[in-house]
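Quick mapping for you: the protein sequence lines, in order, are chains A and B.
Heads up: the first sequence begins at 1 in the UniProt record's numbering, then just goes up one per residue.
Heads up: the second sequence begins at 1 in the UniProt record's numbering, then just goes up one per residue.
Simulated from the structure, these hints should not be mistaken for lab results.
Accuracy of the hints is not assured; some may be wrong.
[As the list claims (entries may be wrong)] On the chain A side, residues computed to face chain B include the following (Cβ under 8 Å): (1) Pro41; (2) Arg43; (3) Phe203; (4) Thr206; (5) Glu213; (6) Asn218; (7) Arg221; (8) Glu223; (9) Tyr227; (10) Arg231.
Nothing here was measured: the structure is a model prediction, and the numbers come from that model.
No residue lacks a Cβ here, since even glycine has one placed at the ideal position from N, Cα and C.
What follows is each chain in one-letter form.
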Amino acid sequence: MTDMTATYAALEPSRAEKFRQRTVPLIAFAVLLLVIPLFNPSRSMVTLLNHMGITIVFALSYNMLLGRAGLLSFGHAVYMGLGGYFAVHVMNWVADGSGFWGAVPVFTMPAFGFGAGALAGAVIGWPSCRRAGTPFAMISLGVAELVAAAGFMFDSLFGGEMGISGDRMSGPEFLGLSLGPVDEVYWFIAFWTFIGVLGTYAFTRTPLGKLSEATRDNPERVEFVGYSPQRVRYLVFIFAGAFAGMAGGMSAVQDEIFTPENLSLIPSGAILIATYVGGIRYFTGPIMGAIIMTYMGSNLSDYTAGWLLYLGLMFVGVVMFLPNGIAGIVYGTTDTIRAGRLGEVWQSWLIRLAGLVLIATSVITIVEVAFRWSEGYGEVFEPFGLHLDTTNLLTWVLGVVPLVLGVLLVLKSAKGESK
Amino acid sequence: MTPALELTDLRKSFGPAKIIQGVDLSVGKGERHAIIGPNGAGKSTLFNLISGRFMPSSGEVRLGGELISGKKPYQINRMGLSRSFQVSNIFTNMTVRENVRCGVLYSMGYGYSFWRNIGNLKEVSEKTAHILDEVGLLEKANLPAALLPYADQRTLEIAITIAGGADVILLDEPTAGMSHSETDRAVALIEKASKGKTLLIVEHDMGVVFNLADRISVLVYGEIIATGTPEEIRGDAKVREAYLGEEAEDAA
Numbered sequence: 001m002t003d004m005t006a007t008y009a010a011l012e013p014s015r016a017e018k019f020r021q022r023t024v025p026l027i028a029f030a031v032l033l034l035v036i037p038l039f040n041p042s043r044s045m046v047t048l049l050n051h052m053g054i055t056i057v058f059a060l061s062y063n064m065l066l067g068r069a070g071l072l073s074f075g076h077a078v079y080m081g082l083g084g085y086f087a088v089h090v091m092n093w094v095a096d097g098s099g100f101w102g103a104v105p106v107f108t109m110p111a112f113g114f115g116a117g118a119l120a121g122a123v124i125g126w127p128s129c130r131r132a133g134t135p136f137a138m139i140s141l142g143v144a145e146l147v148a149a150a151g152f153m154f155d156s157l158f159g160g161e162m163g164i165s166g167d168r169m170s171g172p173e174f175l176g177l178s179l180g181p182v183d184e185v186y187w188f189i190a191f192w193t194f195i196g197v198l199g200t201y202a203f204t205r206t207p208l209g210k211l212s213e214a215t216r217d218n219p220e221r222v223e224f225v226g227y228s229p230q231r232v233r234y235l236v237f238i239f240a241g242a243f244a245g246m247a248g249g250m251s252a253v254q255d256e257i258f259t260p261e262n263l264s265l266i267p268s269g270a271i272l273i274a275t276y277v278g279g280i281r282y283f284t285g286p287i288m289g290a291i292i293m294t295y296m297g298s299n300l301s302d303y304t305a306g307w308l309l310y311l312g313l314m315f316v317g318v319v320m321f322l323p324n325g326i327a328g329i330v331y332g333t334t335d336t337i338r339a340g341r342l343g344e345v346w347q348s349w350l351i352r353l354a355g356l357v358l359i360a361t362s363v364i365t366i367v368e369v370a371f372r373w374s375e376g377y378g379e380v381f382e383p384f385g386l387h388l389d390t391t392n393l394l395t396w397v398l399g400v401v402p403l404v405l406g407v408l409l410v411l412k413s414a415k416g417e418s419k
Numbered sequence: 001m002t003p004a005l006e007l008t009d010l011r012k013s014f015g016p017a018k019i020i021q022g023v024d025l026s027v028g029k030g031e032r033h034a035i036i037g038p039n040g041a042g043k044s045t046l047f048n049l050i051s052g053r054f055m056p057s058s059g060e061v062r063l064g065g066e067l068i069s070g071k072k073p074y075q076i077n078r079m080g081l082s083r084s085f086q087v088s089n090i091f092t093n094m095t096v097r098e099n100v101r102c103g104v105l106y107s108m109g110y111g112y113s114f115w116r117n118i119g120n121l122k123e124v125s126e127k128t129a130h131i132l133d134e135v136g137l138l139e140k141a142n143l144p145a146a147l148l149p150y151a152d153q154r155t156l157e158i159a160i161t162i163a164g165g166a167d168v169i170l171l172d173e174p175t176a177g178m179s180h181s182e183t184d185r186a187v188a189l190i191e192k193a194s195k196g197k198t199l200l201i202v203e204h205d206m207g208v209v210f211n212l213a214d215r216i217s218v219l220v221y222g223e224i225i226a227t228g229t230p231e232e233i234r235g236d237a238k239v240r241e242a243y244l245g246e247e248a249e250d251a252a
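Construct the complete structure from the given sequences, taking the supplied hints into account.
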């Protein structure tokens, strides 16, 4: 019998393994959050980091649906938006300072957002979680349109096109944070980002979290082991709404404003892209996606007017060729290195990288030249001192030759890998 | 004594097609009952009616005396009836252990709980490991279910079915597509797993049926034409004529 228990115990990851795989990354994340301010980031950098934190929580909440439960939602911004709106209203009640609200610190806004998001999820999820798959996706789209339209109609609740703004410096201070300067807001965001990561991770470890994966894989079988797939989806939906609302509460404090735009399909689409590009099969995928997309959204636009186009191309590329997203590349690469197979594959990887760089050269040339041509101001794309206009033969050479070569190289490396 | 499972004048039609045409069947507690019949006789439909996947057009299904026809599959499962599928119906992206654990969870009283860490549920882990051991999948516990060879997937199918500790077990062609040695192992497993339980099994392999079953019912065109012990069925002229033919002689 002792032997048997020993074999049974070996099934589960050992205490040390659990510590290494689960606790250590969380501690590392907390340390990272604590250490960042030591580098004295600029104000705009801190604002960017704050937005990253918000998007991380939002993307993780979205992946509770898409990656874990297999539910494709086109309207997840509704829950972040409603949570955020509620938080802004609460901030205004706090600013009025009468009765109970006068004692509520603005630091706690994400908790209010969490509650409002959960409530919104509970109400809207009731009809929409009866079915998965296409009906669910369609309903989510309809609900998003509906709520966004309502946002423009009910001025007293949503403030019309101007939205509703609040003041994060009102109310009592919490932990000595006035939340005035952005670097104080940083601590607020860091705290709630950590709570968001911890909370969504813990959820994946609960019976309900595991059941949501089972329901994604095979809803029928779930029904024959004693669970209602509808109920599983509904509960997961409420939690996803809650964490999205929490991100909304974070955003309410950081940006001090919510507009009906925040409820629309645009942020819903953006979070879908960020989550998918990051990698929906991994818990950390949405985190990576949120960081990269927030960075691109704020910085790429400084370099090129065509940044949305590049974003779109990247999304299409990931959907077609990298179903596991950036996290898939990261983990695939580290696994290969750890297994000591780098020696076998490095040539093929280099070829692929060269191919991708060549493809990117062509794509960028075509896009940038086309943009300037269509604007009609006679502006010319001049990378590295080259004068690339539509009449220059070099433009067309750069637009075509690297593309062809790049595709050939990528195909070659793919063939090499399949051998 | 109330029978474990009782079907009364059960009928099911899909549009004009009458698939099940008045089935009466009573399976006693602890009995191993096999349903045989030619292709298209309605065996799988019968299972779907009992397990709640389909609603009967008319008639009743009772589990331990309680009416279950009209209830949802998960409600029926909670009342102590569990079934397997003809085509493996497992959670492909999860590991073997996680698959079985899904089957164990509800019976251990962990509903839809989201405030507990699943890794800390000791009795769930132990029960899961015990089931894996019983079906012989302990070594493959941490493999993704999709990577299992076919016979192991069939075994996993049975493991999920018995994991919840249901008293009445329905197995739909558990040995379909298996080799001889795999079939022998599956039969041994079914015998072990159904000890003290009520078993209803649909099976094409006559060797398996006559080995395993206490009683056999023959379903032809949605009607049961005979029910009896293996000897009685073997000797039944109607059955021979309708279905068994040469196969029965071989098995005998």
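Notebook entry, point to check: Is the hint on A/Thr206 kept, meaning its closest Cβ partner in chain B is under 8 Å away?
Noted result: holds (5 Å)
Item checked: Supplied contact hint for A/Arg221, tested at 8 Å Cβ to chain B -> holds (5 Å)
Next item on the list: Return the status of the interface hint for A/Asn218: holds when the least beta-carbon distance to chain B is below 8 Å, violated otherwise.
Entry: holds (5 Å)
Margin query: Quick check on A/Tyr227 please, does its C-beta sit within 8 Å of some C-beta on chain B?
Written below: holds (6 Å)
Notebook entry, point to check: Should the interface hint for A/Arg231 be scored as holding, given a Cβ-Cβ cut-off of 8 Å against chain B?
Noted result: holds (6 Å)
Notebook entry, point to check: Holds or violated: is there a CB of chain B closer than 8 Å to the CB of A/Glu213?
Noted result: For A/Glu213, the interface hint holds, since the closest Cβ of chain B sits about 6 Å away, which is under 8 Å.
Check: Hint check: is the beta carbon of A/Glu223 less than 8 Å from a beta carbon of chain B?
Finding: Result: holds, 4 Å to nearest chain B Cβ.
Check: Was the hint right that A/Phe203 lines chain B, CB cutoff 8 Å?
Finding: holds (7 Å)
Margin query: Is the interface hint satisfied for A/Pro41? The criterion is a beta-carbon contact with chain B at less than 8 Å.
Written below: Status violated, d = 36 Å.
Notebook entry, point to check: When the nearest CB of chain B is found for A/Arg43, is that gap smaller than 8 Å?
Noted result: Result: violated, 39 Å to nearest chain B Cβ.
Against the hints set out earlier in the document, violations occur for numbers 1, 2.
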